[in-house]
Every structure is written in structure tokens, then in C-alpha cells.
Amino acid sequence: MSGITEPRSTTKRVLQANIWLVYLFFYAPILVLVIYSFSDSRNVGAWGGFTLDWYRDFGDSSAAKGALSNSLKIAVVSTIVAVVLGTISALALERFTFRGKQVFDALLYLPIIIPDVTMAVMLLLFFSEAANIFGFSKGFATITLSHIAFSISFVSIVVRARLAGMDDKLEEAAVDLYATKWQAFRHVTLPLIMPGIIGGALLAFTLSLDDVVITEFVTGPGWTTLPVYVFGLIRKGVTPLINAISVVMLVASMGLVALSLLTDRARGESAEIE
Amino acid sequence: MTATLEPEASIDADVATPEFEAAREQQKRRQGLFMALPAYLYLFVFFVIPLVIVIVYSFATRTRFGTELSGWNIDSYRRLGDPLVRDILLRSTTLAVITTLICLLLAYPFAYYMSTRSEKTRNLMLVFVMIPFWTNFLVRNYAWRVILGSDGPYSRLSEAIGFGEGRLLFTNVAVILGLVYGFLPFMILPLYAAIERIDGRLLEASRDLYASGFQSFRHVLLPLSMPGVVAGSILVFVPSLGAYVTPAILGGAKTTLLGSYIVTQFLSARDWPFGAALSFVLMAVMLTSTIVYFRKGGRTL
Amino acid sequence: MTAAVDIKGVTKRFDDVYAVDDIDLSIADGEFFAMLGPSGCGKTTTLRMIAGLEFPTMGSLKIFGEEVGTLPPNKRPVNTVFQNYALFPHMSVLDNVSFGLRMNKVDKTTAAKKAHELIELVQLSGMEKRRPSQLSGGQQQRVALARALVNEPKVLLLDEPLGALDLKLRQEMQGELKSLQRELGVSFVFVTHDQEEALTMADRIAVMHNGKLLQVGTPEDIYERPANRFVADFIGQTNLLDAVVEDDDMIILENGTRLMAPNPLPPGTKVAMSLRPEAVDIGPRGTVPAEHQKTSLEGVVESMTYLGHALDYTVKIGWIDLEVRADAVHAEQRFQPGDEVAVWWDRTSDWVVAD
Ligand SMILES: Nc1ncnc2c1ncn2[C@@H]1O[C@H](COP(=O)(O)OP(=O)(O)O)[C@@H](O)[C@H]1O
Ligand SMILES: [Mg+2]
Numbered sequence: 001m002s003g004i005t006e007p008r009s010t011t012k013r014v015l016q017a018n019i020w021l022v023y024l025f026f027y028a029p030i031l032v033l034v035i036y037s038f039s040d041s042r043n044v045g046a047w048g049g050f051t052l053d054w055y056r057d058f059g060d061s062s063a064a065k066g067a068l069s070n071s072l073k074i075a076v077v078s079t080i081v082a083v084v085l086g087t088i089s090a091l092a093l094e095r096f097t098f099r100g101k102q103v104f105d106a107l108l109y110l111p112i113i114i115p116d117v118t119m120a121v122m123l124l125l126f127f128s129e130a131a132n133i134f135g136f137s138k139g140f141a142t143i144t145l146s147h148i149a150f151s152i153s154f155v156s157i158v159v160r161a162r163l164a165g166m167d168d169k170l171e172e173a174a175v176d177l178y179a180t181k182w183q184a185f186r187h188v189t190l191p192l193i194m195p196g197i198i199g200g201a202l203l204a205f206t207l208s209l210d211d212v213v214i215t216e217f218v219t220g221p222g223w224t225t226l227p228v229y230v231f232g233l234i235r236k237g238v239t240p241l242i243n244a245i246s247v248v249m250l251v252a253s254m255g256l257v258a259l260s261l262l263t264d265r266a267r268g269e270s271a272e273i274e
Numbered sequence: 001m002t003a004t005l006e007p008e009a010s011i012d013a014d015v016a017t018p019e020f021e022a023a024r025e026q027q028k029r030r031q032g033l034f035m036a037l038p039a040y041l042y043l044f045v046f047f048v049i050p051l052v053i054v055i056v057y058s059f060a061t062r063t064r065f066g067t068e069l070s071g072w073n074i075d076s077y078r079r080l081g082d083p084l085v086r087d088i089l090l091r092s093t094t095l096a097v098i099t100t101l102i103c104l105l106l107a108y109p110f111a112y113y114m115s116t117r118s119e120k121t122r123n124l125m126l127v128f129v130m131i132p133f134w135t136n137f138l139v140r141n142y143a144w145r146v147i148l149g150s151d152g153p154y155s156r157l158s159e160a161i162g163f164g165e166g167r168l169l170f171t172n173v174a175v176i177l178g179l180v181y182g183f184l185p186f187m188i189l190p191l192y193a194a195i196e197r198i199d200g201r202l203l204e205a206s207r208d209l210y211a212s213g214f215q216s217f218r219h220v221l222l223p224l225s226m227p228g229v230v231a232g233s234i235l236v237f238v239p240s241l242g243a244y245v246t247p248a249i250l251g252g253a254k255t256t257l258l259g260s261y262i263v264t265q266f267l268s269a270r271d272w273p274f275g276a277a278l279s280f281v282l283m284a285v286m287l288t289s290t291i292v293y294f295r296k297g298g299r300t301l
Numbered sequence: 001m002t003a004a005v006d007i008k009g010v011t012k013r014f015d016d017v018y019a020v021d022d023i024d025l026s027i028a029d030g031e032f033f034a035m036l037g038p039s040g041c042g043k044t045t046t047l048r049m050i051a052g053l054e055f056p057t058m059g060s061l062k063i064f065g066e067e068v069g070t071l072p073p074n075k076r077p078v079n080t081v082f083q084n085y086a087l088f089p090h091m092s093v094l095d096n097v098s099f100g101l102r103m104n105k106v107d108k109t110t111a112a113k114k115a116h117e118l119i120e121l122v123q124l125s126g127m128e129k130r131r132p133s134q135l136s137g138g139q140q141q142r143v144a145l146a147r148a149l150v151n152e153p154k155v156l157l158l159d160e161p162l163g164a165l166d167l168k169l170r171q172e173m174q175g176e177l178k179s180l181q182r183e184l185g186v187s188f189v190f191v192t193h194d195q196e197e198a199l200t201m202a203d204r205i206a207v208m209h210n211g212k213l214l215q216v217g218t219p220e221d222i223y224e225r226p227a228n229r230f231v232a233d234f235i236g237q238t239n240l241l242d243a244v245v246e247d248d249d250m251i252i253l254e255n256g257t258r259l260m261a262p263n264p265l266p267p268g269t270k271v272a273m274s275l276r277p278e279a280v281d282i283g284p285r286g287t288v289p290a291e292h293q294k295t296s297l298e299g300v301v302e303s304m305t306y307l308g309h310a311l312d313y314t315v316k317i318g319w320i321d322l323e324v325r326a327d328a329v330h331a332e333q334r335f336q337p338g339d340e341v342a343v344w345w346d347r348t349s350d351w352v353v354a355d
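Chains H, C and V, in that order, give the protein sequences. Using this note's numbering, read the first sequence as starting at 1 and increasing by one per residue. Using this note's numbering, read the second sequence as starting at 1 and increasing by one per residue. Using this note's numbering, read the third sequence as starting at 1 and increasing by one per residue.
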């Protein structure tokens, strides 16, 4: 396919200006935040010389550290479950036909497009009804179950895209070469969709670490996650400590992006092979 | 013929028959269903049932002690017409529309220009759109709080220029700024996907046939990229309408939006039936817009 | 001797499409067997049923006497070279080739040794560590071949294995495949839509159309004695003249001309006479040799195409155009459009097919 043609020169300059404007818009606030997190001033937004005090505060704050550890536990467990369920469902949708497939397909899209608030309300009402019947207290389990509910869809879609790009003749070639169906999956399908699975896992992990609204609705005593904790702090006012925590969260996000880009590159390489 | 996690059931037959073939077909369908089942059940329990509960609640009665699941009525939906609620709905819709338009205005030229670049540049540009897309939403909103804060960079700048102490924080403008900042990647990505797919020769041909670049944009590029425009608009409009974090951080007391209003019903006002009705409205907007989108021939969001 | 592949009454239906419609086929041990037909005629489906990748709707499918119609692919002693090779992109050449052995639980050293032997056989020594993406099309083709042959299949199935190669490489590989098959003595079932490829390579050819088997025979049978109109038309270039049988020796063309054409059909049968362009001689009117009087027609040259080694004439014979190919070197005379000519042929080179 031939690409889109070059725009004319004045138009081109306007377009270029827009590009820089958008990137400036994206990155300037992040940069400002990072700079101020090193500022030695109680007054957020004023520069008072370089310091690492606020990061030290974060390290000393048991509440913040507890929230971080809660967040990580929830993210790890929900990611593992979502990856397993999402991957198997992607296989089912991409390689099989069965009754109710279309309904299932549509259902998988809903958690992606539904607004956070609505999903939060749904799960809040669900868990309070369930708690009335089964009598449990909210916390780790309710948060994790909720995060899985929205992560499955993301994993499934990412893995499915990868499966769709894979030649299904490869699986036939494997069984033709005496592999059982399980061996064909293990030695051919799985390694080839692995970049998709890893990409889906990173997405699920990020989404779990980022979520505020749903978590706030289904959390229980003792199970404050880092974003919920930070959100609470922000509502009380801006402090240098929040700056520091924010930057830590930012760096974590960036790390995950970097990882996903690396698997993306692996994805690109094996796509080339096909 | 593909990998499956179910052990192979043996169907006893030596010579192929239509029954054998049908049985194998059936077996394969069952395997598919069997594999879809865990996720299917999970979403049924933790998505479909909650959804039904929300709908049921929206018809329930509020009492002093909480919610009574009896005395079914449509009071909660009637209240959508109250002046206060109408104001909130109107304000939320306006803000969401403005946010969507600004995103379109910024993203369309961006996506278009991106698709004119070489493969390498395109990928690099894409990476730098993906980074904010992946970055914590809360943190990104908070960054604006710092910038717009009472003696943050914004007020210093505006004072230095001589605009006086222009105050943006806790206004609708700040909320729109935060929403655009938060959701712009959701507009750029589908737009880029749609524009990139267009065969450049069509535009060249249109340049031959139409005089101006604008006409070729109006008659060729825009219609062909429409699926991207619609997908991006839905992806920005729906979460803007239901935004809660952004108004909570950047908005003021007088700028209650639908999302925050819903949260209030649950976390402080304790009016669950009304909150459920509001959530249902939000969901209905989302469903209608996506159904329209798929009807119009869109494929992926 | 038991047939390598024995197919009896096999049908495969996809919803309401009969991809393969009640075919009988027997392939001998050590035979190079080609399945030929236009795209969509059911060749691949037949091959996939032999491989076990598709189950027949009906019919019996035996490999060396053993009924395999309901066995999964991994339980059948056959291997496939896929249309676009389907090499495992994440594995080296060596791992690709030894895949089948490893799945068959052959111990590692033996597997590696055999894989190396096959890699050598297909002349890819030194490329063991490469990934498929680092190989040319022709090399990938060889890996696919080695990967299948290393398992010593009783029958090797090849689905348009040369389809993705350019002409020169294709011709080269045709020769190599043929000699490889002779050397190994394994039956090859080779699917192609290229009639020339089938004619030059195969011991026997099966011609398929719309899921039906039209004719099975040697290349000579198929080319010189096509079983019906479709085969005559599909294989090579031919003139088909509609006619009706008069008796065992004569047929009558649409315009009443009587021609000599020995045939076993009852009088009155509607037939077509197939006449290959290169079997027809052309000359000025009145020069038809006496022995060809009853196998000749008169016409007017409509066009002439110069091919270097040959001349192609289109001769208008009343109601029909006849293609005639004359040898450029030995032609005594060349004709121009408008020339009145006669055409004739040997009574053994025409062939009557039932409609
Ligand atoms: N899995 C399938 N589902 C439905 N129809 C099929 C399938 N495979 C093949 N067909 C149909 O069967 C017919 C024969 O196909 P195929 O065997 O691939 O032909 P060939 O290899 O000779 O080109 C075609 O009409 C094709 O559309
Ligand atoms: Mg085929």
C-alpha cells in the first residue's frame, strides 16, 4: 500500500506545530512533577533547592508502604488469574466455534468500554448483596475479584490479536508431525503467542495498579491500595510527599511501558518470521 | 484442528461416517465452549449479575436505614428531571462534548501527520503517545493540580506576564484540561489506526479531481477515516461523562459532574436506588453509542 | 501388492458444498502421483483427508491396507509438505527438522543425527542454526521437505509445494523432487494446478473438477486420450469440435461434414473431437494427401502469430475457429490472413470424447 501523501508546506508547518504542542502538553506536566518532587520546600510548586527528603518520607511512611504492598499483592494475583482466563478464552474465540460465541464476544468488550464509575457501582452493590447472603468482609478478595473482572477482557483481546496473526497451519503441521494436541499447543502455539500473553499481563498489571474508583468502592478495612491512599491525600491537599509517591508511580508505569515495548519488539521480530 | 486443553474423547469408529464427522464436529464445539466457560462464568458472576443488580436497585425504595428491595417504583428515574439533576446532566454532557471536540481537534491533525511519516518515525511517535496512555491516570491529573496550584508554575507565569493572579484550579476549564490530558491518547490511537489504513493513492486521485486540499480532506480523507473518528469520540466521550477522579482533583464544589454525583449517592448520601439509576443512564449512553458505532460498520474500538 | 493409499467412495461435505464427491483412488507404493485440477476442485481437501487434518463425511481410506479414516493426524504414517511450508518460525532449521522425531520420542542423539542426515540430503548443511525467516523461498521449501521426510513416512503428501517459487527455481526443484522420490522410493502424492508440472513429474495423474475425479492415468493417457471434454480442455491446448457419432469409424460435424474418427460409442451419441493444434498440418487447398482425405477440413486463415520456433494460425472453418500450430523451420509455405487453406491430421491423433 502506498502511504498517505505529503501535505503542502504551510499546512505542513501547522501540522508540525500541532505535533510539538501535543507532545509538550503530554510531557511538560510530568516533567514539572518530577522536578518539584526534588524541591526542598514545604510549599508545593516553589523551588527550594534539591532534596531527597520526600522520597525518604515515603520510605518512612508505613501507611504508604502498606498501601504499596497491598497494591502489589492485588496486582500480582489479579494479573495471574486474568492472564489464565483471558488466554484460554482467546483461544476458544479464535480457534473454535461454539454456541453463544457471539454473546460471549460482546460480553468481553463491555468491561473495556464501561465507565469506571458504573462498574464500581455494579460491584459495590453486588458485593454488599453477596456479603448479606454469605457474610464476608470486603478487602483483598473483593478488590482482586473486581480487578480480574476488567482485566480478563484486556488480556483476551491482546492475546486474540496475536493468535489471529498466527498461521493456524502451524498447529496442523505440528499434529501432522506426530505431536498430540497438547504438544502442539505447548511447543508451537504457546511460544508464538507468548509476546501477546506478556503484553496482556503487563496491561492487566498496570490497570490493577492504576485503579482508583473501583477499588475505592469495593475495598474494606485495612486494604487501602496506593492509588486510593494517594487519592485520599490529594483530596486533603497537595504535599511534597504526594509528589514523591507520584513520581515513584510514574517510574513504575514507565518501567512497565518499557517492558511492553520490549515484548512488542519481540512481537515484531516474530511477525517478520511469519 | 488446534491445541486444546481438554483430553481427546475417543469416538469409536473405523470407517468415516456422517455420524462420526458430526460427532467430531460436536466434540470440537464442546471443547470451544469448555475453554470459553471459565471466563464466561467469571464475567457472568462478576459482571452480568452486578449489572442486573444495579438495574433492580434503581427501582427500589430508599428508606432511612438504607435501601429496601420492595415497593418497586420509578421515582429514581423521575428525579432525573429535577432542576439540580438536570443541571448536572447538562453540565456533564457539555463538558464531555467540549472535551471530545478538543481531543478531535488536536488528535486528527496529529494522527494524519503521523501517518505521512516514514515507518520508523511513525513507530517512534506512537511510542511517545503510548507512554502517557500507560501512565497512571491519577498521577497525571495530580500533575495539573501542582501546575495550576495557588503558587505553582501557572500562577507564577500568568503573574509574570501581567495577567494578574488568574485562577484556573477548581473551575470547569481545569476539569476540561484534565480530561483532555487524560483521554487524548484514546482519540489519537483509533484515529491513527483508521487513517493509516487508507490507501494514499485515493488522496492523490482526489487531489487530481478536486481543486483544494481542503476538499480532498472533506470528501475523501474524512469519510474514510470516519470509523476512527467515531471510535475515538466514544472512547473519550463516555469516560468523560462518567469522570470522577479528574473533577475530584481539579474541579470545585460548584462543578459537580455526573461521575462524582453518582459516587456521592453511594459514599455519602447513601441514596443507592438513585445512584443506581444514574449509573444505568450512564451505561445506556455507552451502550447506545457503541451499538450505533457497530451498526455503522465499525469493527474494533 | 497392497496400495499405498486406497480411497473408496470418499466424500467430504462442508455445509452444502461437496468439496470431494464420492471418489475412488488407488495409489501404488513408490508411485509419484499428481492430483491436478483448477483451484477449488477439492485437491487440498483430498490431501488433508489422507493426512487426517480433515475427516471424510463418508467412505473408506486405507494406508497400506489399514483403515485410517477416523484416526487423528499424529496416528497416521504420512507427512505433509504444506502449501506455504508452515515452518515453525520460532525454531531453528535443525529443530524444525527434528520436530517429528522428538514428538515420536526418538532419543535426542539419534534424532539430531537423523535430522543432520536429512538436512544434508536436501543440501542445507551449515544452515542448521538458522531461523526459517533467514532462508530463501527455495531453502524453506527444502526444510519443509526434510522435516517431513525425516520421519520416514510411508506416503509423503505435498500441497502445491512449488507454488510460491519463481519459474526458474520451480523448474530446478521439479527435477530435484523427482529424483529424490526415485531415490527414496516413497509414494509422493503431489497436488498442483499446473498441468505442465503434473505432466512432467508424475507417474500417474488424477484430474479433479468440482469435487469429482474425472480421470486417472499416465500423463500420456491424460494428454492423448482424455476421458471427457473437461480433461481434454484443461490439459494443454486443444480444439474441440462438436459432433455426433455415425458409426465406429465416422462422426458427423455440426455442418454435416463427415470425418473419420474411430470410436467405441453407439451411433447418435453427442461427442466432441479433440484435436491438438500441433497435430494439425496446414497447406494450400487441394494439396491434402490422399490418405488424409477423410481427416481434413477446408478454411480461411484468419490470423497468424509468429512465435519464433513455430507459427500459430487461426483458421476459420465455417462455423468454428481452429488453432493450428506449424513448425516454423519445416513449414514449406507460410500463409497470410485471407489465404484459402486446407488442414488435415493423422487418424490416430484425433480423439473423441463424450460430452
Ligand atoms: N474448511 C472449509 N469450510 C468450508 N468450505 C471449504 C473448506 N475447505 C474447503 N472448502 C471448499 O471446498 C472446495 C474445495 O476446496 P480445496 O480442496 O481447498 O480446493 P483446491 O485445493 O483444489 O483449490 C472449495 O469450494 C472450498 O471453498
Ligand atoms: Mg489447494
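Everything labelled a hint here was simulated from the structure, so no lab data went into it. A portion of the hints provided could be inaccurate.
Unchecked claim - Simulated coverage check for chain V against chain H, where a stretch passes if three residues somewhere in it have a Cβ under 8 Å from a Cβ of chain H:
| id | stretch |
| --- | --- |
| 1 | 83-89 |
| 2 | 94-104 |
| 3 | 230-241 |
As the list claims (entries may be wrong) - Among the chain C residues that face chain V by a calculated CB cut under 10 Å, a handful are:
| id | residue |
| --- | --- |
| 4 | R24 |
| 5 | F217 |
| 6 | G252 |
In this text, a Cβ means the ideal position worked out from N, Cα and C, and glycines have one as well.
Results for each hint:
1. Coverage of a stretch by a chain is defined here by at least three residues with a beta carbon nearer than 8 Å to that chain's beta carbons; for the stretch 83-89 of chain V and chain H the count is 6, and the condition holds.
2. Residues of the stretch 94-104 of chain V lying with their CB closer than 8 Å to a CB of chain H number 4, which satisfies the three-residue condition for coverage.
3. With 0 residues bearing a CB less than 8 Å from a CB of chain H, the stretch 230-241 of chain V misses the requirement of three and the coverage assertion fails.
4. With its C-beta approaching chain V no nearer than about 6 Å, C:R24 sits inside the 10 Å limit, and its interface hint holds.
5. For C:F217, the interface hint is violated, the least distance from its beta-carbon to any beta-carbon of chain V being 40 Å, above 10 Å.
6. At its closest, the beta carbon of C:G252 sits 56 Å from a beta carbon of chain V; the interface hint therefore is violated under the 10 Å criterion.
Comparing the model with each numbered hint stated earlier shows that hints 3, 5, 6 do not hold.
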